[in-house]
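Visitor: As a plain string of letters, each chain reads:
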Amino acid sequence: MNINLTLIGQLIAFVAFVAFCMRYVWPPIAGAMAERQNKIADGLAAADRAGHDLEVAKQQADEQLAEAKREAAGIIEAANKRAQALVEEAKEAATAEAQRVKAAAAAEIEQERARAQEQLMTQVSALALAGAEKILAAEIDADKHADLLQSLAAES
Amino acid sequence: MAANGDSQTVSEYIVHHLTNLTYGKLPGGYERYDGSVVAEGGQWAMAHGADEITAMGFNAIHVDSMFWSVGLGVLFCWLFRRVAVNATAGIPSGLVNFVEMVVEFVDGTVKDTFHGRNPLIAPLALTIFVWVFLMNLMDLIPVDLIPHTLMLAGVEYQKIVPSTDPNITMGMAVGVFVLMLFYSIKVKGFGFVKELTLNPFNHPLFIPVNLFMEVVGLLAKPFSLGLRLFGNMYAGEMIFILIAALFSVGVFWLLPAALLQIGWAIFHILVITLQAFIFMVLTIVYLSMAHEDH
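Residue numbers (our numbering), protein chains in the order written: chain A, 4 to 159; chain B, 48 to 341.
Okay, chain B solo, but in the shape it has when bound:
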């Protein structure tokens, strides 16, 4: 922050750190930051500032979130695929040991929670756990390191922690939700409808009440899943940014800020692992509920 500190207030600094690098379609007639007006029919462009992002609405994509998210997903696939290719019944070593430890941990969790037979659940849980963990791990990289480096290279905004983007967390939560609906219908068939309409009051008169309550309960699951991860990571990132802002307040704040930074980072190691684990466990639990016929 120090490099561009003088011309920037703390709140500008924070807002800048919380803005995604966005590519989207500006509506026709919109006046851009430099005074130019977007032609009729709209125009796809890199957003400059929060106002433009708002103007883009749904027709926009967070380039940074997608890049880091897909990049980390590819890293996960590459790493685990390499181990999978070399996996033998012989003596494991190094990376193989580590990967097998993770796989065994996930497998144990799935076996404890999910009692049906579904070859999808364990790989799904593994992907979620490792991927979310990697995305959360980006939080431990000093907040200014990559954004500032990229800024010097001409990239205006950069949010490197994908799980602080609700689109990312909700995207996965929606994926899990679709799976929940799919397996509910596949396993229970008409029983799923009964579950929605005749619970908790088993009487035809109460069907509207039941339906309302059950649908709200059902919809709450993906929201709680996605927003819990987003909220935790967003708050964690925010505190990192605030601590980073503290460095610029004055020389006396350097040491306390450094200590806070270290303390929060150590605490955050726990948080990111825990959040990844919670996301995985909730996914397993929800899918387990979808498989259980009452």
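Extracted from the complex, chain A is given alone in its bound form:
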């Protein structure tokens, strides 16, 4: 064991290397590691947040879907009702129209019948008159019945 100047040399080298490490090695590495730690922590937090957001969005989507389904069902029901109402309305209108046509036809028939009756009566009376004329012509003495005829004429 020879203690000699090597000890001093090593001491100087030791101080130099420690100083170098303290100034040029440790701070950049420790800084980068701390920075990365923060970055990872931030990243994990962001991932957590994103997961949470996704959950919320899913829930919202589900809710909207359910609402849309409900709305669609409502619309279909309303449409069905409306269709039924339209059919009902059309039926009523048709019935009314049929009735009206029927009534018009009946009225026309009645009218025709009345006119025919009238005509017939006119013809019958004319015929009766002619017949009566003929009979009367045979039996009536103009002089004799002049008064009667006159009163008839006055009456008519």
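There's no promise every hint is true.
Label-pair ranges, simulated between beta-carbon atoms [what the hints assert, rightly or not]:
1. Ile61/B with Ile43/A: 53 to 59 angstroms
2. Ile325/B with Ala48/A: 36 to 42 angstroms
3. Ala19/A with Phe314/B: 32 to 38 angstroms
4. Gly238/B with Gly46/A: 46 to 52 angstroms
5. Ala37/A with Ser271/B: 33 to 39 angstroms
To be clear, the hints were calculated from the coordinates, so they are not data collected in a lab.
Since we're looking at a predicted model, the values are computed, not measured.
Think of the CB as a built atom: it goes at the ideal place given N, C-alpha and C, for glycine as much as any other residue.
We have chain A already, so just place chain B on it with the hints.
Guide: Chain B only, in chain A's frame:
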């Protein structure tokens, strides 16, 4: 060892492996290995053999220890600096992942142990952990590979594991000790003196006793820090060398030695990491104690 085995005994082999490549100042009048005498006033030269290293005393430097230690420190700085330059908050990959894993591990250890606020502690701990680990890692390189290659290139001695050199481990321990003293005085001020003199017996009469005990306790910290690492790595290296020496004993020893080598290397992976970790944790603990005001 086989290449130069015949002319060398096992103990020579081991001693050779435990000798640093040393450059130092030989005192005047010293007779060198080749018979030449050093001129008056001394002479700086590469040491040849353990005797010359002893003669050099304190005025010597372990060229191999310094080279590998500084080289590995530069490797650490270069590697981590490259990652630091490219560090972003984006997706990490490859080397960045590895470096960040180490940084995070060190940061966690510091946060568990050190409760004050000091921007020096974490980088200090990181440097110590990685640097000591790299120095210990040299232990896993086969003991003869680099020294023998360099020997063929003309370099006589080579100890490639810097942490088996007490100068290296104690150099760092002294650095930590200076920091301990600095922060003790900075944080506690006069309280530090009180801590040394009025603990554990809080009475003026006991001040000398307290001072003695506390100073011994204080000085024991850097020694335990530096010598623990040195002792563990030295012993580990020694066993590697002994196993390597076993290869030359005989053909029958090849297989057992190989198995021992593998077993010890696997076990050593644990040891080198653990020793680096212990050095780092103790540094943090000592500095944490320096910051705590009782």
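Visitor: Name the hints, by number, that the structure is in violation of.
Guide: none
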